[in-house]
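Colleague: Just so you know, the protein sequences line up as chains R and B, in that order. Residues 46 to 158, numbered by my numbering, are exactly what the first sequence covers, in order. Residues 36 to 147, numbered by my numbering, are exactly what the second sequence covers, in order.
These are computed hints drawn from the structure, not numbers from a lab. Just so you know, even glycine gets a beta-carbon here, dropped at the ideal spot from N, CA and C. Some clues are possibly wrong.
Stated by the list, open to error - FRET-style restraints, in silico, Cβ to Cβ: (1) B:SER104 with R:THR50: 34 to 40 Å; (2) R:GLN59 with B:ASP73: 41 to 47 Å; (3) B:SER53 with R:ASN112: 45 to 51 Å; (4) R:ASN112 with B:THR50: 43 to 49 Å.
Residues per chain, in single letters:
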Amino acid sequence: AQKITQTQPGMFVQEKEAVTLDCTYDTSDPSYGLFWYKQPSSGEMIFLIYQGSYDQQNATEGRYSLNFQKARKSANLVISASQLGDSAMYFCAPRAGRRALTFGSGTRLQVQP
Amino acid sequence: NAGVTQTPKFQVLKTGQSMTLQCAQDMNHEYMSWYRQDPGMGLRLIHYSVGAGITDQGEVPNGYNVSRSTTEDFPLRLLSAAPSQTSVYFCASSAGGSGTQYFGPGTRLLVL
């Protein structure tokens with residue numbers, strides 16, 4: 046079974062600053078993907094960004110980017126220029142083999158004005 | 036294009052009752068999954084399907100059944116509800132390639 050570690054249960058960041066959310070994972074499958082999802086207080090799961098294990102460059106999507114360190118099995122999410130609407134739970138989720146995800150316990154981010 | 040839809044949005048059951056949570060997607064995705072999310076935790080995989088007629092167990096399958104007779108629908112059956120099944124249930128679907136999973140809005144289930 047895969048193990049996912051999100052070591053920061055809660056994080057605070059000032060509006061307009063950048064923040065990094067940590068994620069480490071443990072998988073023996075050489076071909077895998079790493080997803081990040083956002084869950085606001087309304088409860089829906091929103092896809093943010095994806096990184097494939099064979100991708101040569103770190104993934105970016107607007108204000109979201111991944112600091113992907115394959116050897117360390119680490120895929121930290123970087124949110125630049127934080128906004129109040131970024132306040133939410135953030136989940137790291139690797140996928141290996143089958144088309145289903147294993148989720149970490151999440152990090153609650155609170156953006157302060 | 037409605038994406039992934041789930042019904043009902045909220046349900047209260049008594050211990051021992053059975054019910055079916057409905058999930059449908061209109062994106063012609065091959066892969067569909069059911070997860071549960073308990074308070075303060077991440078999502079855990081219950082069952083998943085890689086295509087019509089094919090299902091497999093996830094991390095927490097006990098007490099749940101699934102079937103996949105069509106590409107569009109993937110219902111989750113609670114056989115005999117227990118208070119431990121109080122949770123929020125999410126259905127998700129994905130195509131091939133990167134396999135990005137798109138989630139439904141969730142069903143909040145309370146078992147008394």
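Colleague: State for each hint whether it applies.
Modeller: Now for the hints, and whether the structure bears them out:
1. Restraint check, SER104 of chain B to THR50 of chain R: a C-beta distance of roughly 38 Å satisfies the suggested window 34 to 40 Å.
2. Range check, GLN59 of chain R to ASP73 of chain B: Cβ separation about 32 Å, and the 41 to 47 Å hint is violated.
3. A beta carbon spacing of about 47 Å between SER53 of chain B and ASN112 of chain R agrees with the range 45 to 51 Å that was offered as a hint.
4. Distance hint check: the CB atoms of ASN112 of chain R and THR50 of chain B are about 47 Å apart, consistent with the given range 43 to 49 Å.
Of the numbered hints given earlier, the model fails hint 2 alone.
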